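Number of protein chains: 4
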Amino acid sequence: MGMVGGGRGAFIGGVHRFAAALDQQIELVCGAFSSNAEKSRLSGEDFFLPADRVYGSYEEMIRTEKGLPEGKRMDFVSIVTPNHVHFGPAKMALENGFHVVCDKPLAFNVDEARQLVDLVERTGLTFALTHNYTGYPMVKQARDMIARGDFGKVRKIVVEYPQGWLSTKLEDTDSKQASWRVDPEKSGMGGAMGDIGTHAENLAEYVSGLHVTEVCAELTSFVEGRRLDDDANILLRFEEGAKGVLHCSQIAAGEENGLNIRVWGETGGIEWHQMEPNTLLVKTHGEPTKVFRTGVGSELTEAAQRATRIPAGHPEGYLEAFANIYRNFADTVRAGMAAREATAAERDFPTVRDGLRGMRFVEVVVENSRGDQKWSKV
Amino acid sequence: MGMVGGGRGAFIGGVHRFAAALDQQIELVCGAFSSNAEKSRLSGEDFFLPADRVYGSYEEMIRTEKGLPEGKRMDFVSIVTPNHVHFGPAKMALENGFHVVCDKPLAFNVDEARQLVDLVERTGLTFALTHNYTGYPMVKQARDMIARGDFGKVRKIVVEYPQGWLSTKLEDTDSKQASWRVDPEKSGMGGAMGDIGTHAENLAEYVSGLHVTEVCAELTSFVEGRRLDDDANILLRFEEGAKGVLHCSQIAAGEENGLNIRVWGETGGIEWHQMEPNTLLVKTHGEPTKVFRTGVGSELTEAAQRATRIPAGHPEGYLEAFANIYRNFADTVRAGMAAREATAAERDFPTVRDGLRGMRFVEVVVENSRGDQKWSKV
Amino acid sequence: MGMVGGGRGAFIGGVHRFAAALDQQIELVCGAFSSNAEKSRLSGEDFFLPADRVYGSYEEMIRTEKGLPEGKRMDFVSIVTPNHVHFGPAKMALENGFHVVCDKPLAFNVDEARQLVDLVERTGLTFALTHNYTGYPMVKQARDMIARGDFGKVRKIVVEYPQGWLSTKLEDTDSKQASWRVDPEKSGMGGAMGDIGTHAENLAEYVSGLHVTEVCAELTSFVEGRRLDDDANILLRFEEGAKGVLHCSQIAAGEENGLNIRVWGETGGIEWHQMEPNTLLVKTHGEPTKVFRTGVGSELTEAAQRATRIPAGHPEGYLEAFANIYRNFADTVRAGMAAREATAAERDFPTVRDGLRGMRFVEVVVENSRGDQKWSKV
Amino acid sequence: MGMVGGGRGAFIGGVHRFAAALDQQIELVCGAFSSNAEKSRLSGEDFFLPADRVYGSYEEMIRTEKGLPEGKRMDFVSIVTPNHVHFGPAKMALENGFHVVCDKPLAFNVDEARQLVDLVERTGLTFALTHNYTGYPMVKQARDMIARGDFGKVRKIVVEYPQGWLSTKLEDTDSKQASWRVDPEKSGMGGAMGDIGTHAENLAEYVSGLHVTEVCAELTSFVEGRRLDDDANILLRFEEGAKGVLHCSQIAAGEENGLNIRVWGETGGIEWHQMEPNTLLVKTHGEPTKVFRTGVGSELTEAAQRATRIPAGHPEGYLEAFANIYRNFADTVRAGMAAREATAAERDFPTVRDGLRGMRFVEVVVENSRGDQKWSKV
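Chains as they are written, first to last, in UniProt numbering: chain A, 1 to 378; chain B, 1 to 378; chain C, 1 to 378; chain D, 1 to 378.
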């Protein structure tokens, strides 16, 4: 693995490294950790990399690594930069034959996203987008139960993502995390929408198996002077007549990272909370709710079991779920190396197509929010 | 107290009687428990009433009781009939000098509601609408903390009311509860909206101290053949720039009576769930959440304390909260009898004006849902 | 109902009155609310009693009421005084033909308890002891599931009752509640043991259907100068080889009224918490836990349903559970009046025999705690 | 790191490897993964190890590695075998100058444990025992708050460890996990006591800062034919007059891995549950409970912060806590290599002395349980 971004002071870069390291199947072999060459070099030292594998730019990294003999060069690129620096390294990596793991959202805008979809489909390379919340075992369990019809037809989906960390004007402090996220030059059209709204949308589609078809949205920037939305309330229409609500916020003061989802079908439904990820509530009309737990019970689906590393009651968390994306991605890449087709279980990670859907979702929501039209098609 | 409706087989009539009896300050002295005189008579026997105080119609009850000497006749009328039979007895009671407790929603439509407001204001009689959820101590605590500015300006309000009991076409069975609620001739314009959506709206306004100014709604009837909405997703705009979401459902299969509310201000917020009513989560940006509990702590407001009957840790529930409406109503009536002004604490119960707001809310939501206009003013 | 004790400032007297009033089947007709005649009189006024039914002593009440014509005199006596004043009124009431409801623990010591058992058995009168926690629907559900063998043979029982209200030397303030409870002249041998330990023991036996056979105990008085135990840790042996732990405390600072019980059998078990009483966790080895809820599901037993007043999701609390004791007691008394045998469901309330077991339990625990013997037989 | 044990099919070996790998500071360089040389070899392949660093026995590993040049040979040994194979490799590693990480309990019996203590103290090498539950941030927070006197003097400690996985006679199946744990030849004197009781004891002492001084115990083997205890109920006395209860079980059917602890002092206390490890309830007498969360708030202690990898609301779990033991161990070893003294924060991991205390605890509990003496000194 070669990494783009994620040098000292970054948050998500470290997460990607933890996640890749956990299963001891992926090794960080090189990186361009910062657009500042010196900072990249220092970060490389932190990670015990030899000096000649630490690069001053992603262009240099991709070019140089391509020149290395097979077996020695990196197998894939992991892109963990702010949104506006996803497209460049992703495109170049793909064009030079490297598989890609890319942080979400896929790109800066829908146009870039479309180009990446084309490129992935043309090259046949493997591309994973780290909508990591789909990596949790209980999320997979929910998806599988809905897909196999345990609750009848899906009627209603409520997905929420309240955070409170941008309740104040954090971008005016030296918070690196905050500053680019609320800068339309770096983040794109969406503030909270791009950062966490896309996670919520992706989770809703993954779990329900239904695509959003129409939205009616209200975005707000509550913090004075903020340049992008920090709060969103959205009515959703899904395929097959399902209805829903998505709301997310970065000014929900006192909240941590409260992503959660509820889906109701004709005879029951599910409820899952990211902050207590090993629990899935399974509801049945007129009967006691069942508390599904990671690793417990004969009704666990194969995907839920595959995503679990340790016995029940030993909590697995965010990094493990993130690692599941990496593991499935790596298994798929390896399948390709071994010239066999990856199984459906191995290919169970978000793709460049999901990324395009997310970009399109943000775009439509932002436009709908600005206008008087009630419903906009995605 | 004289009761209209609430005979054998009714749900909410029994609740009103429990609630009125609990504090041993209100006595059921007469009733017209059913439009069927025989059924009314049998119900009266259940309640140990003398035969001559059990009436075959509310008209008869009000007329006869009015003729009784003061001190002997009922002091007020409690109306617990389906929505389309609120207006008649309420109007007649007020016109004959009786105070009124009326179940929600206030009336069958906005026009009736307006007439009742006028009548109450003209007669100066006391009128309580049993939006009973505002009777919980922790709801009052939340309201008081927000009102005194503990969280700064309110930014976002999410109020939910998922139920699952109408997931199937229950109205085709012999369920008395279901049949009138989904019948537009008895329930009015709103199905779930009138039955529980108004509770949610009332709770949001009570807790936040802000009125809803605009709505953007989607109502759905998921159960085939159902004549009124059984699900609603609504974007809200409140006074002073607050935004919100209200969603309620009677087809959320597997849910019981999940009314809950979250309010976020600039520095923190509150979260309350009706099914665990003695707990109020109080959130502060960047600090541990505090678990406020009925009866615990020096920070409890006077209203929260007044609404509590027994020491902390002895759970008080729905009937006690309901009884708080009755108690405050009775205290206010008694204050009038004693020719003194009721205190603000005594007058802390939903009024006919709240009822009108609720009726108007349902009307606007139903109309908005039918049309292409994004926002409708309430 | 005639009440002994429970005048102004009392806690449990009010609870008994709420509980008796709730179902509108029991009327408070007279009382000796205090050993202070003036205070009794004032309390009588609070309850709207005619002056001639408010007595200066329980002796006067029982004597006078007995002289009243049937139909006019009280049907039973409710005793809500401190422990050392249970025996006197209970004995006199029984000897004069009145049924009795008595607060727990049954008496001041085992000897008194034995006499009351004899008297009840000799007179054939109905005697209910308000171990009110057995009145909760979900407690009855647990008992029924265990009794019918849902979990195989019971192996382990853990019952806890942590409170924190006596963390400081409250008895040195003017707390009426605290002062008699820690006074061995009024409370008896046990402090926390008598006040809440007996509730825990009673609950464990009720739910499991097994009697405690041996105990090994350590009682402590943590607050300096306190005259009775304020904390207890006890190992239990039950019939049929089950083992257990009971711990209770009144110095568990920060706790409210945390009575809870877990029972494990060969294939699963139950968990119930008094502070969230409408939820019962039902566990099965290797399978998801089921969340039983008051009023939900086809698996609810008849006793659980009978103990429920309102639909699921409308929380019922402490007073409703307490009222279930009164309702069953009243139904049993009424059955007697109607010369029919009360059903098992009607007779489902704690009896004088349970009271004797509780007194004996306290005695053995206190003695074991003082000595070097590991196990003492109950 | 060189590993002893943990080949294919093992549970805890994998955990140690995940934990060591997570922070990318420790590399698995060699191993004797099984007493079966072929199995060891295959396991080595799984971990991408060169064939010449995969050994057929720990003796061979330690001998060979010692012969390698510094910088090339392993720095420490990680022992993840069943209890009866802890002493041999630990002793040999220490005698040959290697630091040691050892799974708990420390050894097969107290005598072995004492020898290891001596050896560690004589050699000055670093020895970590993986009582991993002390690695959680919120456990460290609890310890620090108690140590700095936030709750006054500690009065009561309740520590529980219910599991249900041995509810049936699993050792008669081919469960490798079960079979050695209930075999006194491999596990030692204690069954549940050695496996999880020591975790509970260690956690109680770590959090409270107090040592257990006396125990009164009842161990039981509920499953017929089981050779060691599968359930334990224990009364505890601690230093400074604190009292407590420890109960653990492997037959608590339906439980997963329910380690939890509550500590109450004079003015408040803490509650922590391993299965929801990022939450710490902090209680104060008469005030709302505060919900401390990993990563949230200005009151978090340095140790709690140091043990946290990612921002609040991104759940960290069992592996991360386990990794904290490894990270502190590695930091301490590195400090030694750099010839500086490790800081207190770096040395915050369980030691060989804690291991000896645990072994002694098991021994005394087992002996007490067999006899008639009430209290036994530890």
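There's no promise every hint is true.
[Stated by the list, open to error] Each computed DSS-like pair below joins lysine-lysine, with the alpha-carbon atoms no more than 25 Å apart:
#	chain 1	residue 1	chain 2	residue 2
1	C	K374	D	K153
2	B	K153	A	K169
3	B	K91	B	K39
[Stated by the list, open to error] Heads up, incomplete: computed chain C residues facing chain D, CB under 8 Å, no partners named:
#	residue
4	F87
5	G88
6	S167
7	S221
8	G225
9	G254
10	E255
[What the hints assert, rightly or not] Residues of chain A clear of chain D, computed beta-carbon distances all greater than 12 Å:
#	residue
11	T123
12	E224
13	E302
Since the hints were derived computationally from the structure, they do not count as laboratory data. Quantities reported herein were computed from a predicted structural model and do not represent experimental measurements. C-beta: ideal position from N, C-alpha, C; glycine also.
Comparing the hints with the structure gives:
Only pairs whose Cα atoms come within 25 Å are accepted, and K374 (chain C) paired with K153 (chain D) is rejected, the gap being roughly 28 Å. For the hint pairing K153 (chain B) with K169 (chain A), the CA-to-CA distance comes to about 15 Å; that is within 25 Å, so the pair holds. Straight-line distance between C-alpha atoms of K91 (chain B) and K39 (chain B) comes to about 24 Å, which keeps the hinted pair within the 25 Å bound. Residue-level restraint check for F87 (chain C) is violated (minimum Cβ-Cβ distance to chain D is 33 Å; threshold 8 Å).
Hint status for G88 (chain C) relative to chain D: violated, with the closest Cβ pair at about 35 Å, above 8 Å. A hinted interface residue such as S167 (chain C) counts as satisfied when its beta carbon comes closer than 8 Å to some beta carbon of chain D; here the least separation is about 5 Å, so the hint holds. Evaluation of the S221 (chain C) hint against chain D yields a violated restraint, the C-beta minimum of about 11 Å exceeding 8 Å. Given hint, G225 (chain C) at the interface with chain D, is violated; its Cβ is 14 Å from that chain's nearest Cβ, farther than 8 Å.
Below 8 Å, beta-carbon pairs count as interface contacts, and G254 (chain C) has one with chain D at about 3 Å; its hint therefore holds. At its closest, the beta carbon of E255 (chain C) sits 7 Å from a beta carbon of chain D; the interface hint therefore holds under the 8 Å criterion. No beta-carbon of chain D is positioned within 12 Å of the beta-carbon of T123 (chain A); the least distance is around 28 Å. Every CB of chain D is more than 12 Å from the CB of E224 (chain A) (nearest about 25 Å), matching its label as outside the interface.
The beta carbon of E302 (chain A) sits about 20 Å from the closest Cβ of chain D, which is more than 12 Å, so the claim that it is off the interface holds.
Of the numbered hints given earlier, the model fails hints 1, 4, 5, 7 and 8; all others are met.
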